Structures are given as C-alpha cells and as structure tokens.
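S.K.: Residues per chain, in single letters:
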Amino acid sequence: MIKARGLARRFASRQGVVDAVRGVDLDVAPGELVGFLGPNGAGKTTTLRMLATLLRPTEGEAVVAGHNLRTDPVGVRRRIGYVAQTGGTDAGHTVEEELVTQGRLYRMTKADCRSMAADLSARLDLDGIVGRQVHTLSGGQRRRLDIAMGLIHSPRLVFLDEPTAALDPQSRANLWEHIRCLRAEHGLTVFLTTHYLDEADALCDRVLVIDEGRIVAQGSPEELKRSVSGDTVTMTVLDRARVPEASRIAERTCGGIQLRVQDTTVVFRVGRSDAALPVLLGALHDAGVQLAAVAVQRPTLDDVFLTLTGHSLRDEEN
Amino acid sequence: MRGSLRNPVWFAIGILQPVLYLALFGPLLAPVTRSPGFPPGDGWQVLVPGLLVQLVLFSSIGVGYQLMAEYRSGVLERMRVTPTSRAALLLGRVLRDIVVLVAQAGVLIVIAIPFGLRASTSGVLLGLALLAMTSGALSAAAQAMTLLLKDENQLTAVTNTLTAPLLLLSGVLLPMSLAPGWLHALSRLNPLAHTVDAMRALFLGHFADPAVPTGVVVVVLATMLAIGWGTRTFQRLNA
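Which chain is which? The protein sequence lines are A and B, in order.
No gaps in the numbering here: position 255 of the first sequence is 255 in the working numbering, and each next residue is one more.
No gaps in the numbering here: position 6 of the second sequence is 6 in the working numbering, and each next residue is one more.
Among the hints, erroneous ones may be present.
Computed beta-carbon distance windows for the label pairs [stated by the list, open to error]: (1) A:V18 <-> B:A23: 19 to 29 Å; (2) B:A23 <-> A:G131: 34 to 44 Å; (3) A:R10 <-> B:R232: 14 to 24 Å; (4) B:N153 <-> A:R78: 50 to 60 Å; (5) A:E223 <-> B:N153: 44 to 54 Å; (6) B:R188 <-> A:E212: 34 to 44 Å; (7) B:G228 <-> A:R22: 32 to 42 Å; (8) A:E59 <-> B:R232: 57 to 67 Å; (9) A:R114 <-> B:D42: 52 to 62 Å; (10) B:I111 <-> A:E177: 36 to 46 Å; (11) A:E61 <-> B:R232: 18 to 28 Å; (12) A:S115 <-> B:V99: 41 to 51 Å.
Read the hints as simulated data drawn from the structure, not as lab findings.
Keep in mind it's a predicted model, so treat the numbers as computed, not measured.
No residue lacks a Cβ here, since even glycine has one placed at the ideal position from N, Cα and C.
Bound-form chain B, shown alone (with noise of 0.2 Å):
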C-alpha cells in the first residue's frame, strides 16, 4: 500500500487507457445506440460500466507481477515465516488492490462527467462496490495463480490465454444483447458478463432489473471462491 501511495505515476497509468477509449472509442458509439437489440441507456451509461471493470482485469494483471517480484525478492518468504496467518497474507494484498482499483474507478467515472456521463449516485455506489468485490475476487485469483506458476514467463502465457476471452465475453465495449444467440450463450458463463450488466443497471438506477441479483451473486460466489483458492494457496506453499 505504501508502496502504490509513493508511486502515483501506477495509478496514473492506470486510468490514462480508460480515458483514452472514452475520448477516442465513446464517440463511436453514439450511432450504435440506435441499433436494435442496444439496451437502455444512452452510450456514456453503457461505455463507463464496461470501461470499469476492463480496468479492473487489466490491474489484476499487474497484481501478479507485484507478488513474483515479491518472491523472487525474498518479501513474501521473510513474511511466511513469520506467525501472520497465511490467509492475512492474501487479504492484505487483497484489500490494498481493492482500495487502489476504487480509487481509480472514482477517478474515472468523474472524468466520464464531462463527457457526459449521467448515472444514479446510489447506483454509482453500488457499482462501485461491486466492482470492488470483482477486483478482489480478481486479485486473489491472480495471486493464487502466480504461486502456483511461481514463474513470469508462465504466468505472461496463462495471463494472455486468459484474458482475451475473458475480455472479449464479457460485453465490455459492446453490449452482448447486441450478439448473436450463440455468443450471448457463451458470455453468460463468463463472471464478468453478469458483473457489467449489473454495472448498467445500477448506472441507470434500474435496482429491480434482474441482472442485479444475478450479478451480485455471481460476484459474491466469485469472490468466496477466488479467496478460498488463493489462501490455500498460500498455505500450501510450504509443502
């Protein structure tokens, strides 16, 4: 955590990728808005949600990295041998990238406003929160997988493997009430599918629309799952 305070130039980085697509990708999508099958909203409303959790999987990357550099530096071993239980080990990593994601989210979505983003305040929040527990279940994932690999150039592969689809299921640019039947089929079984559709609907202040729940879900399940792998994980690290 003090480690991200003393290097703002991360956080910074950070947010400039979602900046750019909303000056240079959001206009596109005007036209779009009008197409059949669009959902509810208008493009900043559809944009900014998706945009959000993009940022959220992009940083999880990084998060791996930061826990190999962490040991190959010999930190996390000077840490393991200490009393600290192994499951703090992974929520302390945890929370400092929920803290500095939510950050970047709030950021974000203020710079959206002159754009023209308009979204329910309470919804806004609640997105946020879901989208925290998203970057925490993210987090503990990507922690958990780069133990096990214990090395970058395995973890860049699996990384890259697992993003694209990740990335290109989940309706973050383009809605997936836009695909075809198959391509909707498959998106539902990606997490972050139900986490953007829930964005939208909180952004717009649809509480009773269905994909609440069912995002909220998903992300809790998610989360519970991705926390108790990572701090297996780490425990099992000794063996």
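Same shape as in the complex, but just chain A (with noise of 0.2 Å):
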C-alpha cells in the first residue's frame, strides 16, 4: 500500500537549513495498522504530509495506493485519506454539512455524499449530532468527525496524524476501538503517527520508531519490547548477609544483565522472564536463599525508545 525509498526533506529558511527527514525506507501492506512512534521534531508529521502529497520531497521516491508520489499526486489523492493534527473542520459549518462538503471534493454525487455520510455518521457515533455546529462538539466529537471526514470517499488507506493528542483517557480509548472496527470491518489500511507509546503499544500491528529524521528500528510492539531490552525482575532478599549469594545465583542461572544490587534488593535484565523465573526460584531454594519478595516488570516502549536512541521519548514532554 505504501512503498517509499530514501524519503527525505529539507526546509531552508532565514535561521539555517532543518533536515526534518533525512532518507525514510517504509513498506505498508494493504489492511495493514501501522504506527509511526517518536518525539515532536521527529520528523513524523513532515513524513505524512510528504507522503499524502502535502509537501514535495527534497529526495526519494514514494508509491502511495498505487500511484506515485512525484508523478501522479492527484492519483494518490484520489485514493488516500488524510487527517491532520488539527483536524479541518470549519467550526461555523454543522456536521452534516462538512461531511457533504468533503464528499463534493471528491466528486461524489450529492446523493452518494449524504449516505455516506449517514453511514459514517452511525459508525462513528456521530448520528446524534449531524445538525450540530462543529465549534460546539466535544474534542471526542471532533476528533470523530475529522476521521470521518478522511473516510468519506471510501480509501483503502488513510493517514492519521495524532489522532488522539489531547484527548482525555476514555475519549482515547474509544477512538481506539473506532479505528480498530474501521480496519476489521474494512480492510482499511491505517498509517497513524503517535507520540504516546501506549497508544502505538495498544493499536498497531507494527511500529515504526523515528528519531531525528531516521527510522531507528522496527517490529511489532512485542518484538521490539523484547529483541531490545527483555524484562526487568527485581528479587528482595530476607536475610541481608545472603544478597550477595542471591547475586551469583542470577548471574549464573540468567545471565546477570545490568544486575545491580541496592541494599537487600537485587535486580537485573533477562530475555525471557517466564522461563528464566523457575530456574532461578529453584536454585533459591535449593541454596537456601529465601525471598521476601520478587517482581518482573515487563519492558515499555519507553525502554525500547531509551535503549535504541539513549534519550527518552519523554524528555520532549518536559
């Protein structure tokens, strides 16, 4: 569905020369929920628009839908949806109206607009306010309305720029469940873009995580949580003079990763916690070793983030 090779843009301006992107690789199957995971400045939003047509690349080649980007971009317009961060919606215009409107620009016959709008409107939750103005529907609403509004001439694929940036928690969880009914239902492929990693761990099939313009790795949220940091197990001992025997214990039975030992408590990283775990609670037991307490943490895409590009995705936050 998407397929783009050495994506890159530069902006110039009177303060210097920003490399936003520098050279993206991206393959998207069709049906396909996609995230593109990393901090503001990352390069997420440049990528997006670049590949809805929003913005021309500086270098690189992109096929989107089946057409391509430099070529063809009207095309590619016809077949993607597209829905920016700040929505673009006109706040003195009624539902029902913008969704109409939106449909027109596609060329989409009156009749063909109003019923899929209708149709859209039940699917989204919308159906009770289609009269209403935007600028007095809720940030739930709204949101719901943009997407709709991306959805109303049908593509198989349709671009998600925040979709859920400054929503409260129950309004982020129920546009999750939207977009996950959209895709099942549809088959629609969903390229979204996130800087919340619960929402990339929560949603997507796949992550793709951006840092600095590059896409510095790529998996399934579960891949990625455990090729790059495995979980963290973290032992308390009951007797003090015994810590020091608990650490050669995890060493020899775990591999002993970043173990260090704090007081009575031990910790350290391994690959696989569910397996490890019985072997070294054995071994406890059989050198006499006893625990007041042992946890395993698994690993976030915090950690992934952490590891691959040694800063935090929230260090941008503060």
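Assembling the complex is the task here: the two chains are given apart, and the hints tell you how they should meet.
M.R.: This is the structure we're talking about:
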C-alpha cells in the first residue's frame, strides 16, 4: 500500500537549513495498522505530509496506494484519506454540511455524499449530532468527525496524524476502538503517527520508531520490546547476609544483565522472564536463600526508545 | 458561501460604510460639480460608481484574513489533500466573493436612488459586470498574497501599504479629471482608476466613451493575471 525509498525533506529558512526527514524507507502492506512513533520534531508529520502529497520531498521516491507520489499526485489524492493533527473542519458549519462538502471535493454525487455521511456518522457515533455546528462539539466528537471526513470517499488507506492527542483517556480508548473496528470491518490500511507509547502499544500491528528524521527500529510492539530490553526482575532478599549469594545465583541462571544490588534488593534484566524465573527460584530454594518479594516488569516502548536513541520519549515533553 | 449566508451581519456592515458616504459625503459634492474639470453627470452619478469600486477594494481586504483563518484552522490543508484542482480551490473562493459583492452593490445602488441617483439601467448592469470582474481579480490577488505571506501581521502591513495608493489614485471620491497633470498621469497606472472611469461612463449611458473599452480591457487583463497568479500560488503551496 505504501512503498517509500530514501524519502527526505529539507527546510531552508533564514535561520538556516533543517533536515526534518533524512532518508526514510518504509513498506506498509494492505490492511496493516502501522504506527509511526517518535518524539515531537522527529519528522513524523513531515513524512506523513510528504506521503499525502501535501509536501514535496526533497529527495526519494514513493508509491502510495498504487500511484507515484511525484508523477501522479492526483492519483494518490483520490485514493487516500488524510486526517491532520489539528483536523480541518470549519467551526461555523454543521457536521453533515462538512461531510457532504468534503465528499463533493471528491466529485461524489450529493446523494452519495449524504448516504456516506449517514453511514459514517452511525459508525463513528456521530448520528445524534449531525445537525450541530462544529464549534459546539466536544474534543472527542470533533476528532471522530475529522476521521469521518477522511473516510468520506471510502479510501483504502488513511493517514491519521496524532489521532488522540489532547483527548481525555476515555475518549482515547473510545477512538482506538473505532480505529480497530474500521480496520477490521473494511480492511482499511491505517498509517498513524503518535508520540504516545501506550497508543502504539495498544493499537498497532507494527511500529516504526523514528528519531531525528531516521527510522531507528521497526517491528511489532512485542518484538521491539523483547529484542531490545528484556524484562526487569526485582527480587528482595530476606536475609541481608545472603544478598551476594543471591546475585551470584541470578548471574549463573539468568545471565545477570545490567545487574545491580541496592541494599537487600537485586535488580537485573532477562530476555524471557517466564522461562527464566522457575529456574532462578528453584536454584535459590536449593541454596536455601529466602526471598521477601520478587517482581517482574515487562519492558515498555519507552525502554525500547531509550535503548535505541539514548534519550527518553518523555524528554521532549518536559 | 454558506458561511456568508449564515452571517448576514457582515453583509450589512459591508454596505454600512458606503451608505454613510452617501449620506455624509454626497451632499458635499454638489458645489464641486460646478468646478472646471468636473466630468459630466451630477454628484450621485459620479459618487456611486466610485463608492462601488471602494466597496470592492475594502471587501478584498477581508478575503485575505478569511483565507488566513482557513489556513490556520487546517481547512485549506484538508481541501488540498483532495483531488480537487488547485484552480478550483481558488476560483470557488473567487466566485463566492463575487456573488457577495454583486449582492452588496445591488443593495447599495437601490439605496442610492432615493438620494437622487439617476442612471441608465443597461449601463448599471454592464457596470455591475465590470465590478464583478474587478472583485474577482482583487479576490484572487488577495488570496495569492495571503498564501505567500502566511502571516496576519505581514498581511496587515502589506494591505495597508497597498490600499492607500490604490484608493487615492483611483479618483473614487473626487474624479481624477480635477487633478493636476502629474497626478492624473500617475492615476493612469492604477487599474482601479480605469474601472471607476468606465463605470461612471456606463452609469451615464455613454457607451461610446473611450473610457469604457479602456476600462474593460484593463479589468479583463488584470483578472487574467490575478487568477493566473492565484492558481500558481495554490499549486506551489506544497513546494
């Protein structure tokens, strides 16, 4: 559905030259739900805008929905939906007017526009509010309208730029559910950007991690988490005198990656804690070392990000 | 367009200013009509075409800000991602502005009748056609300028700088035939001056007046240039 090679974009201004995107290769298969994860300023939106024909790439080639970005942008536009970060609805118009106008821009007949608008309103829980003006909608409703606008012409591929930014947790969970349904029921290919780890984790089949204009890793959320960091095991030893022995056993049975001892607590990482833990606990039991507590923490995508880039996603937010 | 219908207040406010000119400036013209160099026709026949052109100029200022708001809110981008041709994105807005302006102009002419305006009907209709084209040209130019600047403050600065000379050199309030030679010559560089002259001749029913063909040619050329410029600006927006 998307095949991009060496996509790059440079912005030149009076303040100097900024390489926002520095050679991105990506492939997205039909029906996939792919997330572009990275901090603000990583190049997510710039890449998305290039793929959606809104911004001309300085370098690189891409075929989007079967049409070449450079030679046939109109062909691309006909087949994709694009929902910008800020949306794009006119506050003074009603929900239905906006949907119908958007359909008219794709040369759909008025009747088709109205039936699609009704259909999408029902699917995205907008059916009670089609007569309301956009400025009276809540954040979640407006976001669902933005998505409905992007789907009015039944595209096979839709780009969602930060679909749940600035929504409350309930509206976010609700929107995720809608995105999953749209994909499941219509085989829609969804390409979204997010700087929320939980969003990428909860929603996406595959995550592309982007930092400073380059893709630094990709895979399913599970793969990424497994390959990079492993689980964190924290065990507290009952008898302070047995702590050195406990760490030796942890090293022997689990490899003792990033092992550190703090007071009576031993912390280390291990690739697969589900397989390693029984061995560790058996060995500790045989040696007569008693534990007060043991806890396992699954890695988060933030751990992945930190390992890959050396800085946390949250650094950007502070 | 729907927005314009929903906000009749702006429509009325747009007409209010020229009506004030009719009431408060019109009476001052009567003694001036006897001055040497004053063109044929009475004060109203000179003033009303001028006020109509002034209305076009002032309306075009609003066009820029409206487009700027659409740019900021993402409405423009949402439209740019559709296959709609870039020329259509421009012309749709141009036509909206023309429709609103012609309606305002019609109302203003009707209001001017009780003040004493007497004019040739076919002349007024032709004048309105010319005015519609002028409005289209200014709308397209305002849109092009907005998309090049992409900043409200710069837009204000450029608009203020351009409006004053365009207005002063158009002879909207006092005909340029009263001007000294150098000022009259300078006004010939202003397309709006030719529009005003042609409109005044048309209102009098002087269809053979050379000002009419000159005005038509100038307005047609200006419209073509402005629409070409506007379309190119829309096309290059993604560079």
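S.K.: Give a verdict on every hint.
M.R.: The hints, checked one at a time:
1. For the pair V18 of chain A and A23 of chain B, the beta carbons lie near 56 Å from each other, so the given range of 19 to 29 Å is not met.
2. In this structure the hint that A23 of chain B and G131 of chain A lie 34 to 44 Å apart at CB holds, the actual value being about 42 Å.
3. At roughly 23 Å, the beta-carbon separation of R10 of chain A and R232 of chain B lies within the given 14 to 24 Å, and the hint holds.
4. Here the CB-CB span from N153 of chain B to R78 of chain A is close to 37 Å, at odds with the stated 50 to 60 Å.
5. Remark: the range hint 44 to 54 Å for E223 of chain A to N153 of chain B is upheld by a beta-carbon distance near 49 Å.
6. One distance hint, 34 to 44 Å for the beta-carbon pair R188 of chain B and E212 of chain A, is violated here, with the actual separation near 58 Å.
7. Between G228 of chain B and R22 of chain A the C-beta distance comes to about 36 Å, which sits within the given range of 32 to 42 Å.
8. Take E59 of chain A and R232 of chain B: their Cβ atoms lie about 24 Å apart, and the range 57 to 67 Å is violated.
9. Between R114 of chain A and D42 of chain B the beta carbons are some 54 Å apart, a value that agrees with the proposed interval 52 to 62 Å.
10. In this structure the hint that I111 of chain B and E177 of chain A lie 36 to 46 Å apart at CB is violated, the actual value being about 58 Å.
11. For the pair E61 of chain A and R232 of chain B, the beta carbons lie near 25 Å from each other, so the given range of 18 to 28 Å is met.
12. Between S115 of chain A and V99 of chain B the Cβ separation comes to about 29 Å, which falls outside the hinted range of 41 to 51 Å.
Hint violations for this structure: numbers 1, 4, 6, 8, 10 and 12, all remaining hints satisfied.
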